[in-house]
Structures are given as structure tokens and as C-alpha cells.
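Trainee: Per the working numbering, residue -17 is the first one in the sequence shown, and the count goes up by one each step.
Read the hints as simulated data drawn from the structure, not as lab findings. Note that this is a predicted model, so its numbers are computed, not measured. Ideal Cβ placement from N, Cα and C applies to all residues, glycine included. Treat the hints with care, as some may be off.
What the hints assert, rightly or not - Taking CB as the label site, the calculated pair distances span:
1) E148 to R107: 25 to 35 Å
2) G190 to N98: 44 to 54 Å
3) Q158 to T185: 15 to 25 Å
4) G46 to I163: 36 to 46 Å
5) P99 to A132: 32 to 42 Å
6) A142 to D45: 35 to 45 Å
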Amino acid sequence: MKIIRIFAPLLVAMLVAACDDGPIPDRTYYDDEGAAVKLTGQLTGADKWPDDYSVSIAAFTHDGDDYAAVTKNVADISDGGNVELVMTGLPADVSSVELCVLNRLRQRVATFFSVNPDGVRDTIRLDVGAVDVSPVAAFQMALLNQSCTACHGATGGAAAGLFLTEGRFYGATVGQPSKKIEGGVLIQPGNAEQSVLSQVINTDVSAGWRQNHADMLNKERMHTLLKALDDWIDAGAED
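Start from the sequences and build out the full structure, keeping to the hints where you can.
Mentor: Given below as C-alpha cells:
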């Protein structure tokens, strides 16, 4: 017992020293300042999205991953509102930081601004300037400009007289009669199912036309965006 009492303090000291000098687990820790994103800009249209959607700062940890690891909602921004927002707690393996719109699953719908942090361990800055983050702007950027305007207005003419180029989409579709389906309305606010635009994108209603529009889109890749379009119509198609 006497030997134990003599060597116990020495044993404790040795264990403490071993803990101090021993291997550190393979993890990286950052304090709030080192793991921050600062968004500055003038955003308009954030309040136009349906309830299940949010304009947010979002961090994604893998290329091609549509689900955000960390998010912060840009909430209650009125038109013309100057924004200065900080998000902390980024994981170490962030591949991109974005100003984007997310659905309720934190899944990316459309991206308005993106940066690659690539080794930045200080504050990542998103100086976005003046950005329209409304649904109409998102659909124009991510859907119409990519898949529709080549035939509907980009080269001067427009198939079926329907212009879907920048600044013309809303006025040309919401509440407007279809020239292809008698009695149909291109976008009927509050009813996506009865909206001809939604039918053209999601069904084979245009199979007998010059172009079957259902074949023009990668629906698997664009599923989240197309659902957001329908949800926006069902919520009233607010400009």
C-alpha cells in the first residue's frame, strides 16, 4: 500500500503527459470567426417564394451534392432591402458556398451566386451586389434560358408567338390563353394541374406538335426545379 501511495502521483503525471503529447484525432476544428460566411448585397423577391422554400446562404460539402450541410435563411427581406448576414459553423470539407433557394429538405432548387472556398479559413465573402432572387428570376435563369428561349424568342422569333426571354415570361404566361390548347391558360394561378405550361413540361400533351416538349428536359436532373414551378403556380404565381 505504501508503494502505491508513493508511485500513484508519478503515474498520474505520466498519464497526463501522455495525453498532452499523444496523437490528436483526425478532425479539424474552427472557431466561429474562421468558419464564417458573410453575405452582403441588395436582394429583391425573397418573399415571393411559397412557404416550403427559402432563399438562403448554404454550404455544400461534396461536388454534385444537392443537399446543403449548413444553411441560414435570408428571411423577411423586403424589396430593395440591403442584406448583411453572417453564417458560422461551416464544416471543414466545404466545396461550395452559395446564395440559393432551398426546399424544405434543404435541397438546392436554383443558385444565384456561388463561391468555391478552396482553402479559405477566414471569413468567406459573398458580395453579391443587386440580385433578384424571386421565383420568376430563378425559373428564367435555371429553366427558360437553358431549355426554352432558343425557340421562344432568343433569335428574334418565337414559336407559337410565345416569348420566354428575360422580362417577358410572366406577362406572356400568367393568365394568358394558350394558342395550342383551346380554352387552356398557360399559367392559371392557384392551379398548376390545369396550367398548360405545366402540362407541356410534365406530360405528353405536346406529342402531336412540331416538338414534343416533354422530351426536351432532363426531368430527373430538373425534378426539384419543376416541382418548385408547380408549387409557385399553386401558391398563386406571384410576380
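Trainee: Which hints, by number, does the structure contradict?
Mentor: none
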